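Line by line, the protein sequences are chains U and L.
For reference, each letter of the first sequence is one residue, going 1 to 318 in my numbering.
For reference, each letter of the second sequence is one residue, going 1 to 134 in my numbering.
Hints are not guaranteed to be accurate.
What the hints assert, rightly or not - Reference excerpt, derived from the structure (chain U facing chain L, CB under 7 Å, subset only):
{"hint": "1", "residue": "N28"}
{"hint": "2", "residue": "P88"}
{"hint": "3", "residue": "T90"}
{"hint": "4", "residue": "I99"}
{"hint": "5", "residue": "R113"}
{"hint": "6", "residue": "S114"}
{"hint": "7", "residue": "R263"}
It should be emphasised that the hints constitute simulated quantities derived from the structure, not laboratory data.
Computed from a predicted structure; not experimentally measured.
In this text, a Cβ means the ideal position worked out from N, Cα and C, and glycines have one as well.
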Amino acid sequence: MTEDDDLVSRVLARDQRAGARMITLIENDAPGAASRLAELFPHTGRAAVIGVTGPPGAGKSTLVEGMVRAWRDRGRTVGVLAVDPSSPFTGGAILGDRIRMASLTGDPGVYVRSMASRAHLGGLAEATPAAVRVLDAMGMDVIVVETVGVGQSEIAIAGTADCTVLVTMPGAGDGIQAMKAGVLEIGDVFVVNKADREGALRTRRELNAMLRMQDRTPRPVVLLTKADMGDGVEQVVRQVEEFLDTRRGSGQLQKRRLRHLEREALELIGAQARRRTLATLDQATIDELSEALWERRQDPATVAARALAALQWADNDC
Amino acid sequence: MANRIKVLLTKPTHDAHDRGARYLARKFRDAGFEVVFTNFLVAEEIIATALQEDVDVIGVSSSAGGHMPVFEELMSGLAAASVDDVLVIGGGIIPDVDARVLAGLGVPAVFGPGASAESAVEFIKEHVRQRSAV
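Whole structure, please, built from the sequences with the hints as guidance.
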């Protein structure tokens, strides 16, 4: 048996260390990562994938800890992927989400993995969707993905999760204004955390007012929590389960998952076309295209079209 | 994508002296490392976290004494789990006499007061171990 088969079979046998190493291989785009992922894929699709997103400091990690414990009380196994931003300058990262999830360490039914975003935009790491599949293949019943603290357009989680929980807090009035454009639209369940703080009810009112304008049926509910005390967390988990049950019953969940997979495939077409185009171009052509830009003879779109044409030639030749 | 050095930087939960560890976390980030920052109660938690996070390096900071049993349990626990590709280093207030014992346990370096963050970064870069696919 080759090493590849061994790692895949160990992941399928729910070996956490094998899963951990598999995720590292994916993060590093290591040789063999893609083929092993392809082998794991038929064994995925069973887990419920829950996204937790919201502005920095809203209490995402603390809420996640409480939600994981609620699922553990129901006998479910849970995987957590907690994404924190990488420095765009040095590539380094401080991954601190685990500090708020201390009570989960040592529970064999929980696997927590911190992921650096590694310059990927959108609030997730590039490797996150694949890491979700590894946890799924490991037999985790529930997978919680915590995004980096988001602003206006970090909505990649909506393309991965079955249900997205949007967490905010009181006093973030301007924050909600900022969220309304993109982030507000991806929430399936809304949470106002730190509800003992002044303005919690007002924040809920504002959220409800914005959700009313969206014409979604059923309109998402807005729940109040004090996640550090555990207050309201059970209701969040119940709301998430109700959302998933309804969507599963109506077939919408399955359609949503198919859409996510199709979009991922489309994105890969773009990424691979880019890689192959760049690999096809020789240095002289690159210099010539660059010169056309420098002299402002051709705009970036024209240059891109010429580069892609070179890719076609290369394919026809072989 | 380049392989990045991933470090678990951890200190005892009861030990409030976290300034050094936090400072080092920033310096490690600036050196391009990915740093998982946690507190721990017992050595088993360090091992469980290191394996889930699949780190290259474990850095244990202790400034309130009681570090020897932690390192002993950590090293024997890692050996029991057949983990031989993770570099373990120490930091904080650890006397030289203890550091010599730790070296014998497989903790090759301790970065105490006066040690520069750069020296810790360089040490990690030089001594981080080649890790197998499985």
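> Checking against the hints above, which ones are violated?
Replying inline: Going through the list in order, the structure violates hints 2 and 7 and respects the others.
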